[in-house]
Amino acid sequence: MALPLRPLPVLLLFLLPQRYFSSPESRGRSCADTRHVLSSRGFSLSLLPPTLISGEHLRICPQDYTCCASETEQRLSRQSQAEFQSLVEDSSSFLLSTFTARHRKFDEFFRELIHMSEKLLIQMFTQTYGRLYMQNAQLFQELFRELHRYYQGGRVHLEEALADFWGRLLERIFGLLNPQYYFPEEYLECVSKHAEQLRPFGDVPRKLRIQVTRALIAARAFMQGLATGRDVITKATKISPSAECLRAVMRMTYCPLCRGMPSLKPCNGFCLNVMKGCLANQADLDSEWNQFIDALVQVAERLEGPFNFELAADSIGVKISEGIMYLQENSVQMSTKVFQGCGNPRPAPGRTKRAARDETKRRFRTYSPDEKPTTAAGTNLDRLVKDVKEKLRLMKSFWVMLPHTLCSDDKVAADVTNEEKCWNGQARGRYLPDVTRDGLVNQINNPEVEVDIARPELRTRQLIMQLRVTTNRLRGAFSGNDVDFQDAFEDGSGASGGGERYSEDWPSGTNTGSRPGEGRIPRKDRPSKGSKQNQSGRNSAGPSRQASSWLLLSGLLLVLHCR
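Taken in order, the sequence shown gives residues -22 to -1, 1 to 541; the numbers are from mature numbering (1 follows the signal peptide of the UniProt record, and there is no 0).
There's no promise every hint is true.
[Said to hold, decoys possible] Here are the simulated distance ranges between beta carbons:
1. D388 <-> Q63: 19 to 25 Å
2. H126 <-> L436: 16 to 22 Å
3. Q404 <-> S218: 46 to 52 Å
4. E67 <-> M112: 52 to 58 Å
5. V15 <-> H126: 57 to 63 Å
6. G131 <-> Q63: 28 to 34 Å
7. S386 <-> P240: 19 to 25 Å
By construction, these hints were calculated from the structure, which means they are not laboratory data.
Think of the CB as a built atom: it goes at the ideal place given N, C-alpha and C, for glycine as much as any other residue.
Start from the sequences, fold in the hints, and give me the full structure.
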C-alpha cells in the first residue's frame, strides 16, 4: 500500500531559505532610500542592490534581508568608527578649548605681572637711589630672574631665593650706611650671624616672603592644574575602541541603513548601553576628575583673595623699599650693636658717609592695597578668576555623563520618550534590556558590549595618577605650601617651600616670628642652587627625589593592583 504524500510539503518548508520566512515588512521594503543615502556618500551604485537581498553574508548586522553587500558593511563599519571617535572628541571641545584658552590667558597675565613689577621697581629705585641702584641693579635682576624661573616650573626654592636676596642686600647697604669704615668678608659674616637678633629690615622680609611665596605657589600650581586638565582631556578622548565596541557602534549606527530604514534612529537605552560599554574606562576618571576640579576652583578663589598674585607682584618694590627705610632709620642703633658684637671696624681713609646717606634717604610713595591694575593682557585677576570658576564648575561629572551627553543628541539616538519607533539592534521596536549603571565595574552586565573589567586600560590608570598628583599639589597650594619642596624635618608645618601653613588672619601683620634660617642671612659666596654642593643639601634635590620615588612606587602598585 502506498504511503500518503501529504507530509511532504511540511518537510519541504524546513528546507526553504530563511528569506521566505522574513516579515512582510522586510520583503516589501525597497532599497531606494538606502541607495540614495550611500550614493551621496560616495558608494558606487553597482555595489548597492535595488531591492533587499538575503543577509547571510553579513558579519555585524542581523542576517535578515539587507541592502548592504559585504564590502558595504565593512566600509560602513570603518566609517562608524571614525564618526564615533570624532563624536567623542567634539563632545569635549568645550572643555579642551576652555583649559587651553584659560591657560594661555593666565600665563600671559602672570608673566606680565612679574615683568611689570620689575619694571616698576627699576623706575622707583632709579628715581630714588640713582647711581647707587644702578651699581647694584644685578642684585634685583637676579631676584626677579628667580621668581620668573620658579613660575615657569624651575627647581627654585622661593624662601631660599628671598633669603639670599635680603642677605646680599644687607651686605651692600651696611657698607653704604657706614662708608667711613672698611668691612672685610669676615666682618660681614659676623654681621650675618647676628642678623636674627638685629632684624635689620624689621618684619618686612617675613611679610614679603609670606605674600610672594603664597601667591607664586598658588599661581604656579593653578597653571600646572590648567595644563593637566588640558592634557587629560586630550589623551582621554583619543580613544582606542575595542573590537566589541566597534561592532556595537556599527550595529547601532548603520545597521538600520542596511535594513532599508536610514531614518530610523537607535533607541535611547540601546545607545546608552553601547556608549557606556565603549567609554567604561573614561567613566572611571570621574571621581578623581571631580576632586581635581574642586581643588582647581579652591586655588582660583585663593588667587582672588588672600593669595592675590596681582597685589603680591605689585608690592615687591614697595616692600623692599620699606625694608631699606627701616634699616636706614635704625642704622645708628644697629651699627652700634654690630660694633659691640663684632668689634670696631677699621676706618676707611678718604671715605665720607654723607654722600651715600644723601642718596639713600628719600622715601617711596605709600602703596595702596586697593589698587587693581588692568594689565596689557586685557583684564585684571578678579575678572579672570570669576570667568574660569564659572566654566570649571560646569565640567564636574563630565566623564560619567559623557554617554548621556552623546545619546541626548537627536542626531545620534531617538528621544527617550520614543520607545517604539526606534532601532533596538535587531529591528524597529522597543529596547527591552536594562540600561547598565555607570563605571567600568558595572559593565560586566552590559548586553551590548563585552567589557573585560579585570583589565582596566593602562592609559586610564596613568591619567588617574596624573590627576591625583596634580590635585595633591593644588591642595598644598591652597594651604600655602609647595608640595614639590616639602620637608617634614624643617619645622612643624612640614613645608619648606611656601612658608607657614595658611591661616585666615595672615594679612593682619602680626609677627609670628622668623622662620628657621630666615634670621641667618646667607653669605653671597654660598654655593649656587645649581652646584653639586647645594644639590646634595637637605632643601634641594633630596625631597624632590623622595617625592618622585613615592609617586613612582604608588603608580607601580596601582598598575599591579589593576592587573
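Verification of the hints:
1. Separated by about 20 Å at the C-beta atoms, D388 and Q63 satisfy the suggested range of 19 to 25 Å.
2. Range check, H126 to L436: Cβ separation about 37 Å, and the 16 to 22 Å hint is violated.
3. One distance hint, 46 to 52 Å for the beta-carbon pair Q404 and S218, is violated here, with the actual separation near 28 Å.
4. Our hint of 52 to 58 Å for E67 and M112 holds, since their Cβ atoms are close to 55 Å apart.
5. Against the hinted window of 57 to 63 Å, the Cβ-Cβ separation of V15 and H126 comes to about 58 Å, which satisfies the hint.
6. The hinted range of 28 to 34 Å is satisfied by G131 and Q63, whose Cβ atoms lie roughly 32 Å apart.
7. Under the hint 19 to 25 Å, the C-beta atoms of S386 and P240, about 21 Å apart, fit the expected range.
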